[in-house]
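J.: Each chain, letter by letter, is given below.
4 protein chains.
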Amino acid sequence: MSSKESKESVVKRFMQEMAYYVLYAAKIVKDDDVEKGIDMILDSLNDSKKILVVGAGRSGLAAKAFAMRLMHLGFNVFVFGETITPALGDGDLIISISGSGITKVVVTASSAAKDVKARILAITSHADSPLAKLSDHIIIIPGRTKMAAEEDYTIRQILGEHEPLAPLGTLFEITLNIFLDSVIAELMQRLGKTEQDLKKRHATIE
Amino acid sequence: MSSKESKESVVKRFMQEMAYYVLYAAKIVKDDDVEKGIDMILDSLNDSKKILVVGAGRSGLAAKAFAMRLMHLGFNVFVFGETITPALGDGDLIISISGSGITKVVVTASSAAKDVKARILAITSHADSPLAKLSDHIIIIPGRTKMAAEEDYTIRQILGEHEPLAPLGTLFEITLNIFLDSVIAELMQRLGKTEQDLKKRHATIE
Amino acid sequence: MSSKESKESVVKRFMQEMAYYVLYAAKIVKDDDVEKGIDMILDSLNDSKKILVVGAGRSGLAAKAFAMRLMHLGFNVFVFGETITPALGDGDLIISISGSGITKVVVTASSAAKDVKARILAITSHADSPLAKLSDHIIIIPGRTKMAAEEDYTIRQILGEHEPLAPLGTLFEITLNIFLDSVIAELMQRLGKTEQDLKKRHATIE
Amino acid sequence: MSSKESKESVVKRFMQEMAYYVLYAAKIVKDDDVEKGIDMILDSLNDSKKILVVGAGRSGLAAKAFAMRLMHLGFNVFVFGETITPALGDGDLIISISGSGITKVVVTASSAAKDVKARILAITSHADSPLAKLSDHIIIIPGRTKMAAEEDYTIRQILGEHEPLAPLGTLFEITLNIFLDSVIAELMQRLGKTEQDLKKRHATIE
Numbered sequence: 001m002s003s004k005e006s007k008e009s010v011v012k013r014f015m016q017e018m019a020y021y022v023l024y025a026a027k028i029v030k031d032d033d034v035e036k037g038i039d040m041i042l043d044s045l046n047d048s049k050k051i052l053v054v055g056a057g058r059s060g061l062a063a064k065a066f067a068m069r070l071m072h073l074g075f076n077v078f079v080f081g082e083t084i085t086p087a088l089g090d091g092d093l094i095i096s097i098s099g100s101g102i103t104k105v106v107v108t109a110s111s112a113a114k115d116v117k118a119r120i121l122a123i124t125s126h127a128d129s130p131l132a133k134l135s136d137h138i139i140i141i142p143g144r145t146k147m148a149a150e151e152d153y154t155i156r157q158i159l160g161e162h163e164p165l166a167p168l169g170t171l172f173e174i175t176l177n178i179f180l181d182s183v184i185a186e187l188m189q190r191l192g193k194t195e196q197d198l199k200k201r202h203a204t205i206e
Numbered sequence: 001m002s003s004k005e006s007k008e009s010v011v012k013r014f015m016q017e018m019a020y021y022v023l024y025a026a027k028i029v030k031d032d033d034v035e036k037g038i039d040m041i042l043d044s045l046n047d048s049k050k051i052l053v054v055g056a057g058r059s060g061l062a063a064k065a066f067a068m069r070l071m072h073l074g075f076n077v078f079v080f081g082e083t084i085t086p087a088l089g090d091g092d093l094i095i096s097i098s099g100s101g102i103t104k105v106v107v108t109a110s111s112a113a114k115d116v117k118a119r120i121l122a123i124t125s126h127a128d129s130p131l132a133k134l135s136d137h138i139i140i141i142p143g144r145t146k147m148a149a150e151e152d153y154t155i156r157q158i159l160g161e162h163e164p165l166a167p168l169g170t171l172f173e174i175t176l177n178i179f180l181d182s183v184i185a186e187l188m189q190r191l192g193k194t195e196q197d198l199k200k201r202h203a204t205i206e
Numbered sequence: 001m002s003s004k005e006s007k008e009s010v011v012k013r014f015m016q017e018m019a020y021y022v023l024y025a026a027k028i029v030k031d032d033d034v035e036k037g038i039d040m041i042l043d044s045l046n047d048s049k050k051i052l053v054v055g056a057g058r059s060g061l062a063a064k065a066f067a068m069r070l071m072h073l074g075f076n077v078f079v080f081g082e083t084i085t086p087a088l089g090d091g092d093l094i095i096s097i098s099g100s101g102i103t104k105v106v107v108t109a110s111s112a113a114k115d116v117k118a119r120i121l122a123i124t125s126h127a128d129s130p131l132a133k134l135s136d137h138i139i140i141i142p143g144r145t146k147m148a149a150e151e152d153y154t155i156r157q158i159l160g161e162h163e164p165l166a167p168l169g170t171l172f173e174i175t176l177n178i179f180l181d182s183v184i185a186e187l188m189q190r191l192g193k194t195e196q197d198l199k200k201r202h203a204t205i206e
Numbered sequence: 001m002s003s004k005e006s007k008e009s010v011v012k013r014f015m016q017e018m019a020y021y022v023l024y025a026a027k028i029v030k031d032d033d034v035e036k037g038i039d040m041i042l043d044s045l046n047d048s049k050k051i052l053v054v055g056a057g058r059s060g061l062a063a064k065a066f067a068m069r070l071m072h073l074g075f076n077v078f079v080f081g082e083t084i085t086p087a088l089g090d091g092d093l094i095i096s097i098s099g100s101g102i103t104k105v106v107v108t109a110s111s112a113a114k115d116v117k118a119r120i121l122a123i124t125s126h127a128d129s130p131l132a133k134l135s136d137h138i139i140i141i142p143g144r145t146k147m148a149a150e151e152d153y154t155i156r157q158i159l160g161e162h163e164p165l166a167p168l169g170t171l172f173e174i175t176l177n178i179f180l181d182s183v184i185a186e187l188m189q190r191l192g193k194t195e196q197d198l199k200k201r202h203a204t205i206e
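Protein chains in written order, with this note's numbering: chain A, 1 to 206; chain B, 1 to 206; chain C, 1 to 206; chain D, 1 to 206.
Incorrect hints may appear among the rest.
Which copy? The list can't say, so a pair holds if one copy fits it or any two copies do.
[What the hints assert, rightly or not] Dumping the calculated SDA-like pairs for lysine to any residue here, alpha-carbon to alpha-carbon at most 25 Å:
| id | residue 1 | residue 2 |
| --- | --- | --- |
| 1 | K117 | E8 |
| 2 | K200 | D90 |
| 3 | K117 | E195 |
| 4 | K104 | D115 |
It should be emphasised that the hints constitute simulated quantities derived from the structure, not laboratory data.
Whole structure, please, built from the sequences with the hints as guidance.
T.: Written as structure tokens, this is what we have:
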């Protein structure tokens, strides 16, 4: 490493690496799977249908950020664990997020949703996880475990040695945040919604 | 746009654009400002000192995700508005996050923190905002408004026309999430912490 | 105190004292004020109208418990500070709870609600507090400060000497919880709602 | 009922009935069980030990209100599902609250706590519920189901006919709130803590 490079801060280098990881993730995400997921969400755009998002820890926070925008777009959306969470039923949708696909509360909630005949859209890194198995549809978002086995040498070069700097679920969570905002972008375009439409529903008091 | 490109989904294109925006943001963020902010945080790594993070809406969610990792690193950290929020005092630190720098609860909480002699570290897009003015130190993270006036033609090209796809505070929030994880990466390196150290403090029950 | 009484645990004595305090509070609460408050809430039972509840700390938790039941009754209700909090406007209602009537976030949120022409229903112990002054209607619920000046000797006897056992806002909060459930009881009766109606809207997944 | 009585509002009558229910509950709660529970809590008053409280819905809100006061008393306490929730282990305590004793997240979290060798203190109406069975100690708080079979004619008279006015878990939740504050009162007395001690740890910024 040259002396010039060594003066670059960890913060800048890490931001760049994460950006490259997102570019990599954009290639990995399958368009067909995404489109089917978006169709499931659009199918809920109906006063009598509800969407419930569920996730634990930092994935749960990403789920909340997504729910806010779905609300801005006019969806009847709720967040698992918050005060205002009505009963789900036949025809409703649960969006269940867990990188590992084994997070207990997510699997438990999804299983309960299945019992009342709600549909389950899972977002996870693991197609063979308990969450994925009980879901109606899954969208795979890459996270760290995936990365470790990555055969693409360039990607491994870029991320491999610095991986410890993205501890625990960080890679999944960063990709997840941007992926969910991308889904919002596509929903806006499909619904012909402008930012002005969103502003009307944005909290005026916070 | 070629027919091949036109078949690329909005989701993929948006993910790529956000990645480029993060690369742009990595250039904008000032190393010296970041280093001083990190020093303020490290100065709180002391059993008798507390950190309180505050943010509203989606910035508040990013603040929570950051707080989780600070806790994993051993900091005595709390989130404004949650159940367990003890009194702040002289020597404690409030990390106040608001893209616009005018969010009422953030400014109000920061002002109250100043009254009890806590130090204020602000993360915002606006150096001349009310939040920035009452803070001891600010770190500027670019967001949309900044972008609109961006003189860099390439960046404008990349983002300008698609800006409506990143509605409201999206650009700030995406950059913020990655920036805060980058701060965690630098804190880990400075403290010589490994992922194993973080795992020990990670919730076992969720 | 006889030896038999002295064997009674603090827990049992305190539960009894709190019960007597609630009986006292039931006399203090003014029927006319309550009825007007209930009319304001019933006026919001309309798909296009929203209710936002706001409170800090333990009063905020009571506000959430109240919001859950309002939701079960079919109101379009939201909790300040949670993920799903849409814009308020003309004709909407904010229910602002603060024993002291000076809690910063409650006053700030209420003031913002006034700016967008929402009506404000305050629940507080202090008719001359900043919160009370900016509200359209107030309901007074007794709390500790009130008690201290209480002229009723019996009440003072019952509570006065043990007051330190109900620290900080405890008396207000306990009364508040029961008062809000009483409002739910009256709303159920006025709306002709049965428990079965509530169950239909109760979270099935938690 | 005389015409004068009939003019009393539902709100006042309900507040009185709830007060009588709390007096009844104070008799039902077993001193020995409470004392053992308080000993388990006091045993956690040690910098290296943690308490985690867990509850769903309105019981979860009561759990949070309890956690706030435990924090004010100097306990190292956390709330299941909030941002700052560290790993539990051997010697830590989980306080699990569920009237029915079958609430999924409470049972799941308690079971996970058992796996890491934390002790479980359950507060429930049902001594034979799944929650009760996996707990190290239980405290029984009466709730509605209990009431329905109540043999005490006076109590049935007082509450029986109005029971629908206390829908769903209301009776348990109201009793729970007051019971938990009574535990705080006893902890204060045992620890020799005054309100001034609590104020020092109360949030200054909210």
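J.: All hints, please: hold or fail.
T.: Against the structure, the hints come out as follows:
no., hint, result
1, K117 to E8, "neither (53 Å within a copy, 34 Å between copies)"
2, K200 to D90, "between (30 Å within a copy, 13 Å between copies)"
3, K117 to E195, "between (34 Å within a copy, 23 Å between copies)"
4, K104 to D115, "both (17 Å within a copy, 13 Å between copies)"
Comparing the model with each numbered hint stated earlier shows that hint 1 is the single one that does not hold.
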